[in-house]
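S.K.: Okay, here's what each chain looks like letter by letter:
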Amino acid sequence: MTLNIKKYAGEFAENKDTARELRIGKIIPALRSKKKVVVDFSGVSGTTQSFVHALISDVIRKYGDDVYKLVFFKGCSPVIKEVISIVFEYMQES
Amino acid sequence: MKIYLSNSDYLRNFESFLRSFDPSDPSKLEITTHDRWINVHPVVLTMIAALARQLRSKDIFIDEVTAASGHYLARMGLYEAIGKRSPFSISEHEPAGRFIPLTQIHNQMEQSRFITEVIPLLHLPSNRADAIKYTIGELVRNVLEHAKSRHGAFVAAQYYPNANNVRLGICDTGVGIKKTISVSWPARTDLDAIKLALTPGITGKTKREGGTAANAGAGLFFIKSMAMVSRDYLVVYSGSGLYKLTKRDKRTKGFPRLRVNPDRDKHAETNGASYFPGTVVAVDISLNQTREFTELLSVIRSAYTKAIRERKRDTYKSPQFI
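Protein sequences, first through last, are from chains A and B.
One rule links them: number in this note's numbering = place in the first sequence (from 1) + 16.
One rule links them: number in this note's numbering = place in the second sequence (from 1) + 4.
Calculated from the structure, these hints are not laboratory results.
Be aware that one or more of the hints could be misleading.
Unchecked claim - Which residues of chain B face chain A? A few of them, derived with a C-beta cut under 8 Å, are: (1) I64; (2) E68; (3) T70; (4) A71; (5) A72; (6) E121; (7) H127; (8) R132; (9) Y138; (10) A217; (11) A222; (12) S302; (13) R317; (14) T319.
No experiment lies behind these values; they were computed from the predicted model shown.
Ideal Cβ placement from N, Cα and C applies to all residues, glycine included.
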């Protein structure tokens, strides 16, 4: 399954409500079925740590290894890559 | 309540502005101005708008503005915000006058629309606009999630060509930081609460490291770090507490060390400021910084992760040797 972030959250992804809906409605059901998830940030210029946290922190906490095997990030600008890396890193520390 | 608009209400002089803010008698608001020149940080206007929103127009008073720059108040939407007829007629703004007038944001949809449609009014290059979008996105969301304000957030910003920075203010008249943070962390004073809110990984929503599914307790630390790196001011003011990050030494080369404990940053503070019923955040965002936003985030990542690791280590139990 591919999640087109631009389609749901626009060119600057900051809406945490949208992130939460994507997490609960799309990412978690896919992981429960052991399906691959591609989170596609193509066309998105930037995002906030809050958005990415709302999108994946709980998934990392609950699905651990499955996230690393099944969730992929595509079309990320260097800023977006960095924000995603921040959330992955501190969730593994916590 | 009384507020005086001077000719130098910058963040550098924010304490001086606060000394002229008299919050007694919340049943009315009196605004007076410098007679020759008004120069106010947008955050001051957000404070007036937020306070005024709690009153009826008839209980708000503004002096006849004689200052040559008085039209700025009209251009930023102050008269409209306080329900008064503007004495100034404003024509379309000139290209140099890049600003975001006072805007009230009640919910996430309005926030998203604001970020998409209003921030372009600053006409910033895209790599700089993202830092502004980031800051506004995080700060306004903080208000919407935590402040429990009936009136949402008030936002205003102005680009200053000489300083080449954007000065941004966000204000609410919600429950204040102390009440929010105290749900999970002990905060004796408003200033203690502000410092906790600036500490990475601390959120009022939980004591758990890594936060909840919705909150990490990172927003204000990120913004403080961005201000620190680009030598900008950051003010957080809530209740009687005021924390102002001051400019670091120009001679420091490269990235400064990002400190987890806000006490260790160069700053001014007080717990005896005129009481503000809510939260005020102001930041000056320099557009001169040559460092890329990505590089900045990378440094913040290291500091943030280290903070969580160290705090977690503090909770480890030690073996008992006898």
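S.K.: For every hint, state whether the structure bears it out.
M.R.: Hints, one by one, checked against the model:
1. I64: The hint is violated - I64(B) has no Cβ within 8 Å of chain A, the shortest such distance being about 33 Å.
2. E68: violated (41 Å)
3. T70: violated (42 Å)
4. A71: violated (37 Å)
5. A72: violated (38 Å)
6. E121: Not OK, violated: E121(B) not within 8 Å of chain A, min 11 Å.
7. H127: violated (16 Å)
8. R132: violated (11 Å)
9. Y138: Since chain A brings a Cβ to about 6 Å from Y138(B), closer than 8 Å, the hint holds.
10. A217: Constraint on A217(B) satisfied, holds at 4 Å.
11. A222: Status holds, d = 5 Å.
12. S302: holds (6 Å)
13. R317: This hint is violated: R317(B) lies away from chain A, its Cβ roughly 10 Å from the closest one there, beyond 8 Å.
14. T319: Status violated, d = 11 Å.
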